[in-house]
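Trainee: So you can see what is in the structure, the chains are spelled out below.
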Amino acid sequence: MKTKHVVDLTDLSHKELMEIIHLANEIKARPEDYMDACRGKILSTLFYEPSTRTQMSFQTAMLRLGGKIIGFDNPQNSSVAKGESLKDTITVIGGYADIIAIRHPMEGTAAAAAMYSPVPIVNAGDGGHLHPTQTLTDVVTLYNEAGRLDNLCIGLCGDLKNGRTVHSLIKTMTSFPNNRFILISTPELSVPQYIKDIINASQCNYTEVSSLVEAIPELDVLYMTRIQRERFSSEEEYRKQDGVFVLDKPKLKLAKKSMKILHPLPRVDEIDVEVDYDDRAKYFIQTVYGMYGRMALILKMLEGSRREFSPRVMPTHHYHCCNKRCITQTEKYLPAIFTEAGGDMLLCRYCDGRTLI
Amino acid sequence: MKTKHVVDLTDLSHKELMEIIHLANEIKARPEDYMDACRGKILSTLFYEPSTRTQMSFQTAMLRLGGKIIGFDNPQNSSVAKGESLKDTITVIGGYADIIAIRHPMEGTAAAAAMYSPVPIVNAGDGGHLHPTQTLTDVVTLYNEAGRLDNLCIGLCGDLKNGRTVHSLIKTMTSFPNNRFILISTPELSVPQYIKDIINASQCNYTEVSSLVEAIPELDVLYMTRIQRERFSSEEEYRKQDGVFVLDKPKLKLAKKSMKILHPLPRVDEIDVEVDYDDRAKYFIQTVYGMYGRMALILKMLEGSRREFSPRVMPTHHYHCCNKRCITQTEKYLPAIFTEAGGDMLLCRYCDGRTLI
Amino acid sequence: MKTKHVVDLTDLSHKELMEIIHLANEIKARPEDYMDACRGKILSTLFYEPSTRTQMSFQTAMLRLGGKIIGFDNPQNSSVAKGESLKDTITVIGGYADIIAIRHPMEGTAAAAAMYSPVPIVNAGDGGHLHPTQTLTDVVTLYNEAGRLDNLCIGLCGDLKNGRTVHSLIKTMTSFPNNRFILISTPELSVPQYIKDIINASQCNYTEVSSLVEAIPELDVLYMTRIQRERFSSEEEYRKQDGVFVLDKPKLKLAKKSMKILHPLPRVDEIDVEVDYDDRAKYFIQTVYGMYGRMALILKMLEGSRREFSPRVMPTHHYHCCNKRCITQTEKYLPAIFTEAGGDMLLCRYCDGRTLI
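Protein chains in written order, with the working numbering: chain A, 1 to 357; chain B, 358 to 714; chain C, 715 to 1071.
One chain only, chain A, in its complex shape:
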């Protein structure tokens, strides 16, 4: 694979993405052929915030390829607690491991890590910013369960404003022709404008609705997400909406027989337990596709990878990113790198945040 690091799924070319999907399916069909594919290789999972599920999925993927795992899931126990910089940690772990999966609460961390790592970096989530292997999971699931990645009517339901998995899935699916997105949420929790711009610029289109019942009959795919109670403007508002965005058996009766239900998990109560027993529920098998997707990704990334440091990157501007959750706020040595976004606007290379000059 030409791509060294996967910070966002868009780091993969369309061709690379399709190769990974096909490889995932090949591994699923003949897992014993891949049992020693990563023999002698080590994956390090550096989880600066705990996320057992994602970590276990990466670990299982590597172990099922015959590789080994090291890592931590708690910054308190690590050298970080002694004030070590991300740069130093990545440099050292890059000397131990052959590939690194990193998760961090600050946005842009994986991009920063990629600047200093001699081995491939996979972003396992950087704050509310990106989580490409979740989207890979979704796409492998759709390819297998819906049978195609184009010409789909995809409903996305819940908190569409803050859900990075939703944004990332939309971005990826717009690269396939004739997909139609039904965006199901309250006006306050609707998809940000820049995502709508991406859809408009593609061969796809979207509709916004405020009720799951209204949208469900025409869907090929229903992608459910959780709405956190804190997201509502008031307790009264929350109560009013209670149930409107919950999938249960009565609502499911209105859906096509062939509709596929996905969810990034963990769920709380936005899908009723009764739905689990319906054949259309694919959110558990989805995690298994996620494991195969990660196996394929790790395998492709290690293929032909050599341990070498990237050249030093110099700052492009004399400004600071003004996103409070950007990794440049805490790791001060990081060079300021922006692309000019038109007008007086700069786009931060790490967190994709906008800064006005």
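Hints should not be assumed to be uniformly reliable.
As the list claims (entries may be wrong) - A few chain B residues that face chain A, going by a derived Cβ cut-off under 7 angstroms, partial list only:
no.	residue
1	G397
2	K425
3	I427
4	G440
5	E441
6	V449
7	Y453
8	Y676
9	Y690
10	P692
These aren't lab readings, by the way, just hints derived from the structure by calculation. Note that the coordinates shown come from a computational prediction; the quantities given were computed from them, not determined experimentally. Backbone N, C-alpha and C fix where the C-beta goes; we use that ideal spot for every residue, glycine too.
We have chain A already, so just place chains B and C on it with the hints.
Mentor: This is chains B and C only, laid out in the frame that chain A set:
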């Protein structure tokens, strides 16, 4: 093995238990023959409460069979902290791993997990309820060190009321003929009536005494357990008993040369350190038998195991279990399943607790 | 290897140390030849205080030798929290694992563990006392990067009073001829007298200076360490010294082109990030040498090792060690073992602390 899940040791037939004991001995004799027995298989240890010792024993067992391990030991770091149900966690992890060892503070959790898991579940402790691999450890130790599992005079000393390992060992040993139990404790901490009923219904018998000195001369086996200070009615009562249930060199002088001393560990001060240097002390080698016992159990459980979900279980009654520590108290979707225990009494399928209609 | 346990680097004979250095280089040159060298063996990392970096280095070393790993990094989660003694923990884990790396906040813990362990013990740090694999790391780095272990002018800069890595490195390097130590610190943080005595008794010599600028031109090696702010007598004193012991580009201009910069890591700000891009910076590659050093050490220690308990050690004196951080303060069953250090002085076998009779 016919049995899919091992929630209690009684889930194993007598024949299966003997096969596991013999297999444990075979592995101990020729460990190199089993180095790759579980190649390509993954054990997940889901420890909802920390118990490093038990977790490491399971992990070592799997690693020495050539298998791999994933898991967590801290619910705070897991999806559970985000409100995920046991059912969802088990379903997802059952897609990653080939066998699951679960430990949980609530009673009945392993039985609940077994209802939803596509892969074999081993109970690694569910609150004060069951801990079958500890009893397996004890039985493998007795078979090897005492040379037989029948015709033994077995002293059990300490807190016999709250000690699940004591109850479970007695239940298992009553299935072998002519064992005699000497129950050594204060009246307040004596064995519950239902355990006495089990002995009475078997080919075994028991005596209750209140002093270790009195009991020790006739014992073939002495099974020591810890009495927690909080179990005594008062500090004065604790002081009065202090030392009565402690095994030291003077008491050991009264015992047979062939007596075997067991303890589930960790010990605090109920066995004096001097006793460690006596040949009759078997509590350390006991942990090694435990490792071989777990290796044999894992191997047997994986043998011929297929990844498949059990059929959905429907509730049997419209009542709720009234045991405050039962897993049904916190996992509300679990179907209420009871067996009628005579009169107005229902027996909970998860925690074995009694509920009056 | 004749040596069973490595509590201090001085446990290794000069010949054994050189064999390990050469083996480390051989593994580095042909890692694939050692991929299965520890197949079927288990390393247990018992970390009674967290130190992710050291733990990951040991784990990586074992995994790259084809071995497996178990362990803990948090005493709260272990049987220790239930009051288990070090002796019991070591005895049990010694039944599971083939080699144990132990880290503990109390001084003398590794020596105590070695008394009870049936398998080899490596000290991974016992309080402020010893940390032999860090020194092994330093020595392997010097051998490769400086090209020799004798006739070196070695500057040691920072907190030389409290730095165990500094003391241990000096002790080891005095066993090679004609090394010269330039000790760079404030008078308050200078090397303890007993270390100066060791240098004086060897074929080496030392000079003390109070400024890095003054010392740097003649150095072949610069070993940087961190000075914790709390070590200064006052905030005013700290400010006055601020920068004097910091390595930056201007100071580096005064150094030889061939000087090698080492640091035990993690660093905070005692080496400016700009220095990382200078070819003389060897502190990152040093961690890789550390991994190969640990691989060689583990391999040598397992070679011909048999699982057997050491004979019981009896106390030599009726005194107690008066070092408040000595492991004998908390593990009361440990036999008091002293060597007579002349006069009324006893030297504790565990922590090397002095007790006046």
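Trainee: The structure should be examined with respect to each hint, and the outcome stated for every one.
Mentor: Results for each hint:
no.: 1; hint: G397; in the structure: holds, 5 angstroms
no.: 2; hint: K425; in the structure: holds, 4 angstroms
no.: 3; hint: I427; in the structure: holds, 5 angstroms
no.: 4; hint: G440; in the structure: holds, 5 angstroms
no.: 5; hint: E441; in the structure: holds, 4 angstroms
no.: 6; hint: V449; in the structure: holds, 5 angstroms
no.: 7; hint: Y453; in the structure: holds, 4 angstroms
no.: 8; hint: Y676; in the structure: violated, 20 angstroms
no.: 9; hint: Y690; in the structure: holds, 5 angstroms
no.: 10; hint: P692; in the structure: violated, 11 angstroms
Of the numbered hints listed earlier, those contradicted by the structure are 8 and 10.
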